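Colleague: Spelled out from the first residue to the last, the chains are:
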Amino acid sequence: MTQAGTSGLVLNEKLLFEHSEPGRKGYSLPTLDVPEATLPAELCRDEITGFPELSEVDVVRHFTRLSTWNYGVDSGFYPLGSCTMKYNPKVNEVAARMPGLADIHPATPQALTQGALALIYHLQEDLAEMSGFSAVTIQPAAGAQGELAGMLTIRAWHEAQGSTRSKVLIPDTAHGTNPATAALAGYDVVPIASDGVLSLAEVEAHMDDDVAALMVTNPNTLGLFETNIEPICKLVHERGGLVYCDGANFNALMGIARPGDMGIDVMHFNLHKTFSTPHGGGGPGAGPIGVAEHLVPFLPKPLVVRDGEAYRLDDDRPQSFGRLLAFNGNFGVLIRAYAYIRSMGAAGLKRATEMAVLNANYIRARLEDVYDLPYKNRSLHEVVFSDKNLAGGCHTLDVAKRLIDYGYHPPTIYFPLVVKGAIMIEPTETESREILDEFCDAMLVIAQEASDNPDLLHNAPTVPKVRRLDETTAARKPKLKWEG
Amino acid sequence: MRYLPHTPEDVAEMLSQIGVNSVEDLFVEIPEAVMLDRSMDLPEPLAEADLLREMRQLAGQNASVATHRSFLGGGAYNHFSPAAVDQLISRSEFYTAYTPYQPEISQGTLQAIFEFQTLICQLTGMDAANASMYDGASACAEAVLMAMRLTRRSKVLLSKALNPRYRETAATYCRYLGVQLEEIAVDGAGRTDMQDLVAKLDDATAAVVMGYPNYFGVVETLADVAEAAHGAGALLVTAVAEPVALGLLKSPGELGADIVVGDGQSFGLPLSFGGPYVGFFAARQKGLRAMPGRLVGETVDLDGKRGFVLTLATREQHIRREKATSNICSNQGLCALIATVYLSLLGKQGLRELADQNYAKAIYARERIGALEGFSLPFNSPAFNEFVVRCDAGVERLLETLQAQGILAGIPLDTDYPELQDCLLVCVTEQNTRRDIDELVDALAGGVS
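So the protein lines, in turn, are chains C and R.
To get the numbering used here, take the position in the first sequence, counting from 1, and add 356.
To get the numbering used here, take the position in the second sequence, counting from 1, and add 1473.
In isolation and in its complexed conformation, chain R is listed as follows (with noise of 0.2 Å):
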């Protein structure tokens, strides 16, 4: 096997120092009734090049953003992923290492760590961000547990129009901790209902958990939420799903967020069915120590030259161990690299010109869809770049019908939301063109006529 060096003198040579016979007799610690006694079923195994036909042979098997029009959304974002991103993150110093626990030979992870929380912080408007979490999900959840901590309360309060994957996991995540969730009604315009959530809201709240944009693609006013959650001591935390609409909107911070988080695949990583994509969280300094995950600090070495360490370690699960403010013990670094190098290439000005076109792009497909006989648009605020249309006929048929033309249409939001039944979440990005926007929307009308 070509990873493995060892040739059969090498064995020999090694057995004699360690004084042994043999390789068996290194495990004679296992009890032999525990000892697997045959050769585990695993299929044969495979040249380089095999290897590569079977891995084409099961990709050709599936629709990507590359056979079809892709136009879903919904917590997972089709963009341009620029050449250098791919080719800066291979360099196997990057993705070889593990976490930098030894940083007089990390800095390169540690400097783009601290560059990484400098970015989520100049874009959620926050004191201080973290090296990162699993995903958007797992953030939220995190959040959650944090505005416990932070507040001493137990009950927090979910806007319904949050992504509804967000919503099952922080209730995995609180499902044995004595925390009482609750959700927020959606109101007519596809917001987060205000009077609900101030019929909700009491001394006991600790926070309330909206998206931004939310599930349906709609700018909540999150303003008038901080003020009403500040106003009943809970906290505002804000996840963001899609955080290229940062570069346009209002930052959470100004508008009163105490806590920040989201996903940032969006920013230049690859949508990989799923998987892995990367957590952002962000909050206030009152709420630092409080925070989970890895932090990285700048500091000096012994000669004073500026330098990089993993700090406020007594927050963590190797110290605190079972007091610890959560058990997570790495972050996505790989995936906040792709983030880092993906924003600084954007830079300042690109972001906000990405934002303007995904914006701009779906106003024109939301205008021309919500202009179609048989379909109409529930929500009509203010949204980023993903709507809610309505068919009258049903999506079931339609999407297939569609499907079939190769264009995948968007994503049915009857299962999440009873009450939206004939309703897709539609999602359009930079990558979509006006003539993919246009064969989308004559695919609708032909789909139903």
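Chain C on its own, in the form it takes in the complex (with noise of 0.2 Å):
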């Protein structure tokens, strides 16, 4: 097979500091045109030690350099399981940046901002409709904030209630953000097992009437549609509680079967991931919470809604458990969401979510033979197999960096945590046959060297700009920062 990734000229490049030369700038400033002035002295700070001078060509040289090192959907295949790194549509980045988008101030008075207030009215009717729920929220500004908006919804409804409950249900397969959030909505978490999907017994087991919620994620970290699902939601309702559901993974249920139907009162969607706004090296991206009818007085304030044909946000909301942001929520990735929508349809975001999870059975079916696959139900969006057969001493770590040696981006590794040594690959709809057969025959091949030359995989990866680095002694002794 031919390998996709190779080595070409890479160029080094210092660190920004490295580079300064006193004197040197990338900027004009316009002429000053009022009379100086100055604050008082003991206000005033002197130089700043260290901070960079650049030329505009040193600064585009620099960042330009940067990017090549990196890998991006642009480059390649990047099937990073429970990411849904689908391709990022260009027309999105065009019109976020466009003039009347980009350059409103977040105080600008109500009346004249009705085309931005129409856009995210309109997104949040879309997201409702595509998941069943009353009302959608666009304010958090990314998955976990957006499971926190969630969790504090839940709080402030059991409050309204009188009900002082103080736990929550979380199955093993859980992200680690679900009992973070728990935590930092001032829950104790009470981690439940599952075996591949929830049942409805172990529920049962736990759902006492301290417990306030059960988080749940559907289709899971696994890949599994949680088939207890609706049992679960009304056991979980008639001993008081509410069903909160981690929404990272919709992108396998977009046209097919909505969450509100399900049972469940509180989802958060990742627009990032589902609604194809790029994921920007970490972010930002945008965390929407969908709410069943009796949780709407619960949401953040403000809230876009609509008056008539006037769009306005509602920060009279008495019940609301406050906000979360500064302003309303990550409007630039609201646009490219909006517009990702737009451009989809009804159809065509059905169709996205059938492909990306043929897409996912298709690797599984070309993988299942080589590669140990824990759990056997028909998976939708993202497939786990673990290192189990793996020969040489090789790990998934060590299939991780091989993948790269042959120019493609690792799947998610060791997670979920319920399964040792996973490695949960996630293709999306984007990606055609071709590049899945190339990937699958990548797998295969290494999974061979594995036991033929497991020196090709426990030195990989050697065609990248580094090899493996020093993590320990980057956490034993940290260098945070650059210093001269």
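Worth double-checking, as some hints may not be accurate.
[Unchecked claim] If we take Cβ atoms under 10 Å as the criterion, some of the chain R residues that face chain C in the derived model are: (1) Ile1503; (2) Gln1534; (3) Val1538.
[What the hints assert, rightly or not] Keeping only pairs whose Cα atoms sit at most 25 Å apart, straight-line, the calculated SDA-like set for lysine to any residue is: (4) R/Lys1759 with C/Asp826; (5) R/Lys1796 with C/Tyr770; (6) C/Lys744 with C/Leu800; (7) C/Lys835 with R/Lys1759; (8) C/Lys446 with R/Glu1527; (9) C/Lys835 with R/Asp1776; (10) C/Lys833 with R/Lys1796; (11) C/Lys706 with R/Ser1512; (12) R/Lys1796 with C/Val774; (13) R/Lys1723 with C/Glu403; (14) C/Lys706 with R/Ala1485; (15) C/Lys706 with R/Glu1527; (16) C/Lys446 with R/Glu1521; (17) C/Lys370 with R/Gln1560; (18) R/Lys1628 with C/Gly542; (19) R/Lys1778 with C/Asp414; (20) R/Lys1796 with C/Thr520; (21) C/Lys657 with R/Val1652.
Hints in this document: simulated from the structure, not taken from any laboratory.
Note that this is a predicted model, so its numbers are computed, not measured.
All residues carry an ideal CB built from backbone N, CA and C; glycine is no exception.
Starting from the two chains in their separate frames, assemble the complex, guided by the hints.
Modeller: The structure is reproduced here in structure tokens:
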């Protein structure tokens, strides 16, 4: 097979601060057209030691070179499980930068921002329709903040019922943000076991009258649909609790099934996953939440609402749990998600889900004879293998690093925690069969290499600019800034 | 659909390899009862050209800093962003990558974050900065929580001159964590009232939180606050919503702050109706392991070459779960990159000159407005690029009159501060020309006559 990864001319680049030459500058300010003014000297700082001094061309080359050391979705296949690294459409970038959208001050009077508010309102409505919830707020800045918004909504609802329940049930397959969020909302976390999918009996055994909520992920982090979700929701409700759904994997459900119809009370969306907005090297994302009718009064403020033909920010929400950000959410991300939904339409979004699930199952079919597949239920959007069958003392990390040499971004590894040596592959719908075949060929070759010549894996990667990095020393003696 | 590459032949062959007959068969695990039995009710899809037409139509219904002369600040600032900034962050190796979990193929992102952390430390006078937070308000809330972890105390004093949205956000984050939040009054100069502060400080106080400059643009006397806070064993948290000020003002670190947070929107980020912005978070070395958020550290690879990795992950949710320092799992990566590119271009001299210009323009506007009949300046203290104006005739109708002339004159303060009825928060940056300012002054004068 041909290896997609190869070595080429890679340019070294120092740190900004090491480039600096006194007197260089990369800016031009207009001439000051008002009288100079001087702040009292005792308030003024001395010059900032070490701050860079560079020309514009220095800066442009610097960051251009840095960019070439990265791997993005535009570089190639990025099957990072649970992160939904689908293609980020270019027209969305154009829309987000449009004058009239990119340059609105958040304190502009609402009568003068009707276009922006309309966009937010219609995005909320579209997300509500897709998920089966009564209302959606777009305020949370990311998935984890959406989780917090959801759990605070749940807590505010309980308070309004006069309930002081203190515990939250979380399955062992959950993402780490779930327990961290529950703790931030002041809850005690009770981990519960799942065997691939959550059983009604397990929930029933833990669902006492001190449990405020169950947090589930559906489809879960094994890529499996929580088949008992309806009876589980019913049971939790009967015993006075609510159900939170982590919507990180909503890409598996568009047009197929709606969490609101399953009995779920709150769910967050990751617009940077399902709705194609770029991940930006770690953000910004957006984590809107949808809620069932009884939770609407408790949503964060402000909420974008419609009065007749006009849109406004509703701040008069006495039962709201409060505010999560200084302003109204990550509008630039919302524009991109809105553009995506408008480009795809209902049929296109459903087709995206179908092709995402087809792709994941295709990879599974091509690899399951060689890589151990711990859970055999039909996969949805992602598939989780383990490193159990690997020869030559090779582990998941070695496969991941060897995949880099072949030109692929590795899958998510060692997560979910319930699978030892997990290799979690989420191809998304925007990859063609040829790409999947090439990737699967590489995975199969790597498994063969593990038995024939395991050092190829242990020493990988060798093609990128740097080889494996010493993370232990980095943590033991943290060096977190340049000090000259 | 142009984003979906599958031909009917691809689908047929793939289904056959999987061993099922149809795409529907892939969803067998979903109970029939919860399957959606209709099409989603969404608008019809648009071709690329039609989409852009619709977006332009929406954009055309908004007042922007290009269509209006804007004097709005209050936590979001209209600064110029050099062309190179957007060109560089538009390299898709940056914006289509995810969190740098695989350092060997993420060195671009990692080195840029390391540079961001360094720049934030230099600006704030702190020892360590993280890879960024959602925005200034949520960073401030996380700073309150960190101060509680470090001091094991549960009372926090928030200056009433701190941005009201930052105070609300802190209240949200603390709502169920047993924190006692108290406000400190504002004195006649628009600063945090020292007497009230000293009266409320006690041995249960974890932190005092101050804006710098504060919401009124006023430069707080941080050193005095730091001394008082430290005397009671509390920490000083400083929130900087307008970090261009740090080009001119003494750094909070130099004045005794223990944690410095803020919003980096001023550093080249579009106003974008309030987000995405970028929170920054910096602290003293001794607080390092109690910090929230991602951190990037320098290390070497197997060949001894310099490289960068995510580090100190044992603080974080994916390892520590419910005992993590925060639930945050991302940063505002691309926004932090914007700030890094912007500060590289401005550099040592540029940031100072920019801060000088902002200060001088605000002084010019403040003096001219203050001299107008019917207007006064309630706070006569050094302020950075925004200031409070009182209009005896009231602000509501005045603002409407000026809007009709294409001027967004400022933010009314009465909702957040009933005692500041008839007051406006006016912001002036390098983007406002002298002519803009003169027109604002004339319009204000004409608006009340």
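Colleague: For every hint, state whether the structure bears it out.
Modeller: To see whether the hints hold, each was checked on the structure:
The interface hint given for R/Ile1503 is met, as the beta carbon of that residue sits about 5 Å from the closest beta carbon of chain C, less than 10 Å. For R/Gln1534, the interface hint holds, since its Cβ comes within 10 Å of a Cβ in chain C; the closest pair sits about 3 Å apart. Restraint check, R/Val1538 versus chain C: the minimum CB separation of about 5 Å is within 10 Å; hint holds. For the proposed pair R/Lys1759 and C/Asp826, the alpha carbon gap of about 24 Å is at most 25 Å, so the pair holds.
Annotation: proposed proximity of R/Lys1796 to C/Tyr770 holds, straight-line Cα distance about 20 Å (limit 25 Å). For the hint linking C/Lys744 to C/Leu800, the alpha-carbon distance of about 15 Å falls within 25 Å, and the restraint holds. Taken as a hint, the C/Lys835 and R/Lys1759 pair is honoured in the structure, with Cα atoms around 14 Å apart against an allowance of 25 Å. Our distance criterion of 25 Å between C-alpha atoms is met by C/Lys446 and R/Glu1527, whose separation comes to about 16 Å.
Restraint check for C/Lys835 and R/Asp1776: satisfied, since their Cα atoms lie roughly 19 Å apart, inside the 25 Å limit. In summary, the hint linking C/Lys833 to R/Lys1796 is supported, as the alpha carbons are separated by about 23 Å, within the 25 Å threshold. In summary, the hint linking C/Lys706 to R/Ser1512 is supported, as the alpha carbons are separated by about 9 Å, within the 25 Å threshold. With a C-alpha separation of about 19 Å, the suggested pairing of R/Lys1796 with C/Val774 holds against the 25 Å cut-off.
Between R/Lys1723 and C/Glu403, the direct Cα distance comes to roughly 10 Å. Compliance with the 25 Å bound is thereby established for this hinted pair. Proposed proximity of C/Lys706 and R/Ala1485 is supported: the alpha carbons are some 18 Å apart, at most 25 Å. For a cut-off of 25 Å, the pair hint linking C/Lys706 to R/Glu1527 stands: about 23 Å separates their Cα positions. The straight-line distance between the Cα atoms of C/Lys446 and R/Glu1521 is roughly 10 Å, inside the 25 Å bound, and the hint therefore holds.
At most 25 Å may separate the alpha-carbon atoms for a hinted pair to count; C/Lys370 and R/Gln1560 meet this at roughly 21 Å. About 16 Å separates the Cα atoms of R/Lys1628 and C/Gly542, which keeps this hinted pair within 25 Å; it holds. Among the hinted pairs, R/Lys1778 with C/Asp414 is consistent with the structure: their alpha-carbon atoms are about 23 Å apart, no more than 25 Å. A distance of roughly 22 Å separates the Cα atoms of R/Lys1796 and C/Thr520; the hinted pair therefore holds under the 25 Å criterion.
Note on C/Lys657 and R/Val1652: the hinted pairing holds, with a Cα-Cα distance of about 21 Å set against a maximum of 25 Å.
Of the numbered hints stated above, none is contradicted by the structure.
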